[in-house]
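The chain contents come next:
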Amino acid sequence: MNSIHTPRAYHGAKWDEPIVLDMGAPGERGYIPPAVEPEIAASVGDGASLIPAGMRRSTPPRLPEMAQPSVLRHYLRLSQMTMGAHITPDASLGTCTMKYSPLVNEEMARTPQMGEMHPYQDDDTAQGILEIIYGLERMLCEISGMDAFTFQPAGGSQAIFANACIIRAYHASRGEAEQRTDIISTSFSHPIDCAAPAVAGFRVITLTPGPNGYPDLGALKAAVSNRTAGLMMTNPEDTGIFNPYVEEFTRIVHEAGGLCAYDQANANGILGITRARENGFDMCQFNLHKTFSVPHGSAGGSCGAGGVTAELAKFLPAPMVVKEGDRFRWDYDRPDSIGKVRSFHGNVQAVLRSYAWIMAHGAEGIQTVAETAVLNNNYLATKLGAIPGVSIPYGGNGHRLQEVRYSWQDLLDETGVSTEDVRRRIVDFGLQGYFTSHHPVLVPEPFTLEPCESYSRADLDEYATVLGHIADEARTNPEHVRAAPHSAAIHRIQEDVINDPARLAMTWRGYQKKQGAAREVATS
Amino acid sequence: MPEPVTKAHPYIPNSSPITRAEMLATVGVESAADLYDGIPKRLKLGRPLNLPPALTSERDLRRHVQGLLNKNIPVTNVISFLGGGCWQHDIPAVCDEINSRMEFLTAYGGDTYADLGKYQAIFEFQSMIGELTGFDMVSAPVYDWAGATTSALMMAARITGRRKALIPRAISAEKRSHIANVAQSQVDVVEIGYDPGTGLLDMNDLQAKIGSDVGAVYIENPNYLGIIETQGPEIAEIAHNHGALFIVGVDGISLGVLAPPADYGADLVAGEAQGFGVHMQYSGGLCGFIASRDEPQILAEYPYLMVSIAPGTVEGEIGFGWSTMERTSYDKREHARDYAGTTQWLWGITTAVYLSLLGPEGLREVGEGILQRSHYAAKQLATVPGVQVPLAGSHFKEFVVNFDDSGTSVRDINVALRERGIYGGHDLSQERPELGQSALYCVTEVHTKANIDTLVSALKEVLA
Numbered sequence: 014m015n016s017i018h019t020p021r022a023y024h025g026a027k028w029d030e031p032i033v034l035d036m037g038a039p040g041e042r043g044y045i046p047p048a049v050e051p052e053i054a055a056s057v058g059d060g061a062s063l064i065p066a067g068m069r070r071s072t073p074p075r076l077p078e079m080a081q082p083s084v085l086r087h088y089l090r091l092s093q094m095t096m097g098a099h100i101t102p103d104a105s106l107g108t109c110t111m112k113y114s115p116l117v118n119e120e121m122a123r124t125p126q127m128g129e130m131h132p133y134q135d136d137d138t139a140q141g142i143l144e145i146i147y148g149l150e151r152m153l154c155e156i157s158g159m160d161a162f163t164f165q166p167a168g169g170s171q172a173i174f175a176n177a178c179i180i181r182a183y184h185a186s187r188g189e190a191e192q193r194t195d196i197i198s199t200s201f202s203h204p205i206d207c208a209a210p211a212v213a214g215f216r217v218i219t220l221t222p223g224p225n226g227y228p229d230l231g232a233l234k235a236a237v238s239n240r241t242a243g244l245m246m247t248n249p250e251d252t253g254i255f256n257p258y259v260e261e262f263t264r265i266v267h268e269a270g271g272l273c274a275y276d277q278a279n280a281n282g283i284l285g286i287t288r289a290r291e292n293g294f295d296m297c298q299f300n301l302h303k304t305f306s307v308p309h310g311s312a313g314g315s316c317g318a319g320g321v322t323a324e325l326a327k328f329l330p331a332p333m334v335v336k337e338g339d340r341f342r343w344d345y346d347r348p349d350s351i352g353k354v355r356s357f358h359g360n361v362q363a364v365l366r367s368y369a370w371i372m373a374h375g376a377e378g379i380q381t382v383a384e385t386a387v388l389n390n391n392y393l394a395t396k397l398g399a400i401p402g403v404s405i406p407y408g409g410n411g412h413r414l415q416e417v418r419y420s421w422q423d424l425l426d427e428t429g430v431s432t433e434d435v436r437r438r439i440v441d442f443g444l445q446g447y448f449t450s451h452h453p454v455l456v457p458e459p460f461t462l463e464p465c466e467s468y469s470r471a472d473l474d475e476y477a478t479v480l481g482h483i484a485d486e487a488r489t490n491p492e493h494v495r496a497a498p499h500s501a502a503i504h505r506i507q508e509d510v511i512n513d514p515a516r517l518a519m520t521w522r523g524y525q526k527k528q529g530a531a532r533e534v535a536t537s
Numbered sequence: 120m121p122e123p124v125t126k127a128h129p130y131i132p133n134s135s136p137i138t139r140a141e142m143l144a145t146v147g148v149e150s151a152a153d154l155y156d157g158i159p160k161r162l163k164l165g166r167p168l169n170l171p172p173a174l175t176s177e178r179d180l181r182r183h184v185q186g187l188l189n190k191n192i193p194v195t196n197v198i199s200f201l202g203g204g205c206w207q208h209d210i211p212a213v214c215d216e217i218n219s220r221m222e223f224l225t226a227y228g229g230d231t232y233a234d235l236g237k238y239q240a241i242f243e244f245q246s247m248i249g250e251l252t253g254f255d256m257v258s259a260p261v262y263d264w265a266g267a268t269t270s271a272l273m274m275a276a277r278i279t280g281r282r283k284a285l286i287p288r289a290i291s292a293e294k295r296s297h298i299a300n301v302a303q304s305q306v307d308v309v310e311i312g313y314d315p316g317t318g319l320l321d322m323n324d325l326q327a328k329i330g331s332d333v334g335a336v337y338i339e340n341p342n343y344l345g346i347i348e349t350q351g352p353e354i355a356e357i358a359h360n361h362g363a364l365f366i367v368g369v370d371g372i373s374l375g376v377l378a379p380p381a382d383y384g385a386d387l388v389a390g391e392a393q394g395f396g397v398h399m400q401y402s403g404g405l406c407g408f409i410a411s412r413d414e415p416q417i418l419a420e421y422p423y424l425m426v427s428i429a430p431g432t433v434e435g436e437i438g439f440g441w442s443t444m445e446r447t448s449y450d451k452r453e454h455a456r457d458y459a460g461t462t463q464w465l466w467g468i469t470t471a472v473y474l475s476l477l478g479p480e481g482l483r484e485v486g487e488g489i490l491q492r493s494h495y496a497a498k499q500l501a502t503v504p505g506v507q508v509p510l511a512g513s514h515f516k517e518f519v520v521n522f523d524d525s526g527t528s529v530r531d532i533n534v535a536l537r538e539r540g541i542y543g544g545h546d547l548s549q550e551r552p553e554l555g556q557s558a559l560y561c562v563t564e565v566h567t568k569a570n571i572d573t574l575v576s577a578l579k580e581v582l583a
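The listed protein sequences derive, respectively, from chains P and H. Just so you know, the working numbering puts 109 at position 96 of the first sequence, and the rest follows in order with no gaps. Just so you know, the working numbering puts 190 at position 71 of the second sequence, and the rest follows in order with no gaps.
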């Protein structure tokens, strides 16, 4: 084993697996469905005869024919070529809060009492899960200062979209739907804070950062008018900097008649420290897969928990869990609700996991989470700040919170090695390729790291060691960095292909057609 | 302010007081509170959160949380006939093993070089959905069928420049509400009725409402009432004659036996994959998809993440990556017309595993077995006095059961069935008043003849 001063001698699994549609052999099979009893067949005939003739499938779908061990092996191999956050200290995916997902929660989420529940079964047969949903709502209300939460949105974007719909419904309820056309957001807020209100039909005004990294009050005042419907922003923003004028922001928007929605995807560093309510927000959302430990599932299913003040609770997506005496039930009778944003009750398995995660921490533990996340971030920033080539734009704001958007601009200027090059190279040392930046890219040659509370000091030292080593390599052997990765499951791909409509392919059949066409062109 | 002395939390390595003190020293502050100098003091909560006491011992936590869960009565403890957009199907053990793998379970937005296997699995998901639907272009997993339908309707509105969309009245209340809320800035919905005798789309109503202002005609196959729509080719022709796109919604598991929508003229498909090896999870198992022809002007309107295959720079290697991100809200920001985000990729991976296990033969057998069981159930239920199966169209796995002649409400019947260990079909009497006291029964490959016969006996008893 290496020491923390030397990068790990990592090599990723490389299986060179075929596409599954090219595997197997005719007649092989991996599964036998339960047999239909002869009495049933005698009563209704064979299955195909029950399909109206024109609707019968004439050609079988070209799915693989594979025995069970072959299917299992294929997907186990694909899993080995995937660097989940439980495999590596994933400080790399800044803004994503790649924290530990406790295994005891996985165990409970996979019991029939969670997995085999149907959304339409009677409430009397679902009292346990309803109590858990209600319990998480109460706890998130305390953590945010909001009065009610929905767990129907299946991700952060969907929850932010729901908040945009609530802003729309609120103004419509006051007869101001036509007048209230504008939503204000900021450049360093997640793109969805602009996109969601745009999809909901609003015009969006984006405030750009001033020299401190956040927009100043003057910019906000210039944007606010009697057309203002609301403010939708992150804080701390993607830079890890907390906009200290947020209270004035929400006050000014309120004075103009707008509502304020707080994107709390970046909440991990401020749990128990500051809340949506004290910051003047009417709404917020937590991404349960980020701050509240739900495993990210390669990109879901998870939950964007949407919180609102009592005044706005009637607009939340229906149904909501209510408690009557000792009994819990779904309340569908919500005439002012915006309607559905996702079918049924959302990803309830995520709600269960977050409930258990908060219960395992309590108030003191939650505060330790936040403080440790911020401590880890500042510790890593201290280490990285010492690496020549790394810079930390927007200094002078006090300590960063949960993450930092760094820059390799100095390294690029000196060596020609870019942040994209380093991003591929760190995979060679067993670290996840880091997140650079959301759009627009305002920090040059960006990389955004979020070393949340799940990572040890040794993990952080290792991360800094790797980046320091690569910065050295950029000076001594820049071509080696640019040609990375070298010890991952694959070398560089032809990145231009995936964005070229003539050559990209989302399916194997599409790819084979385009390959065939290309061959014909080549041979003609 | 000096640091309080606390016990380290098992999930938080650096909560060890010793490490924490050393790290604070490295950063150059006395306490963690000093790290919050960027937050104005007046915004700080200044008191501990009021949360239940911590259950830091795994045994205590499990006792509490599993204790709550144990109040639930899952469908596996009874015989359930609930469907309506979330269904109980058989789940091969390999599916659960793969989606439990920490590599897939805890991955997220990493790119090709660290997460090659994740991308390949999703590309295989897309590829197999392509085989089932008959299309070359398929999205990565979407939130659910409702999300896929709503996005497809919005895509059609943008592609055709027409706001009006015709959708069937025989659609779930869930999906109807979703479309009304999510698509309202871009789509005006008009409903097309169904034939009360067959459950098929009312073609006269379609003819009356189609016009040059219609951007999309949407149907479902099977529809919400379970009926297999046989008029697909005619509906496609009518839509296309008026310059509208034809969108077909599908329950994916039917496509081992039903014709692929591409074969009867669909331009876009919106569907549900939950039946492909994913537990219902009180609705957490849903996973949608969108498919179409591979045409640049259609691709440009897909809002979701999509994974493209790409050759490696080293001969023989094949990789994958997020494709054409400029389509998505991540790049479009305030110019977005629909939004992307974290959806249901774990269930997309599971779907790939399921379809690989079943293959064409397994999927056909599952589909045929569902048809036989559900038709047997409908036939047997129709023999119960007071019970009718009113829609004459052929159904796939769900069908409407009417109790008007029994004089008993679905609500009361379902209470009585529950006392006998049976979850009766979903009560339609509120959302479908035109069907009277009706319930939507769902029968799949998990049901045995004995299960169905038990239901029939129980109903005879309840309605006697």
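These aren't lab readings, by the way, just hints derived from the structure by calculation. Treat the hints loosely; a few may be bogus.
Straight-line distance between alpha carbons at most 25 Å, and here's what the computed PhoX-like set of lysine-lysine pairs gives [unchecked claim]:
(1) Lys190(H) - Lys160(H)
(2) Lys579(H) - Lys568(H)
(3) Lys568(H) - Lys498(H)
(4) Lys160(H) - Lys336(P)
(5) Lys234(P) - Lys160(H)
(6) Lys160(H) - Lys283(H)
Computed spacing ranges between beta-carbons, pair by pair [what the hints assert, rightly or not]:
(7) Arg539(H) - Glu191(P): 24 to 34 Å
(8) Pro348(P) - Ser548(H): 32 to 42 Å
(9) Pro348(P) - Lys160(H): 40 to 50 Å
(10) Thr573(H) - Arg123(P): 24 to 34 Å
(11) Gln549(H) - Ser56(P): 45 to 55 Å
(12) Ala140(H) - Lys234(P): 41 to 51 Å
Glycine residues also receive a C-beta, built at the ideal position from the N, C-alpha and C atoms.
Each hint tested on the structure:
no.	hint	result
1	Lys190(H) - Lys160(H)	violated, 44 Å
2	Lys579(H) - Lys568(H)	holds, 17 Å
3	Lys568(H) - Lys498(H)	holds, 12 Å
4	Lys160(H) - Lys336(P)	violated, 36 Å
5	Lys234(P) - Lys160(H)	holds, 24 Å
6	Lys160(H) - Lys283(H)	violated, 53 Å
7	Arg539(H) - Glu191(P): 24 to 34 Å	violated, 56 Å
8	Pro348(P) - Ser548(H): 32 to 42 Å	violated, 19 Å
9	Pro348(P) - Lys160(H): 40 to 50 Å	holds, 43 Å
10	Thr573(H) - Arg123(P): 24 to 34 Å	holds, 28 Å
11	Gln549(H) - Ser56(P): 45 to 55 Å	violated, 33 Å
12	Ala140(H) - Lys234(P): 41 to 51 Å	holds, 45 Å
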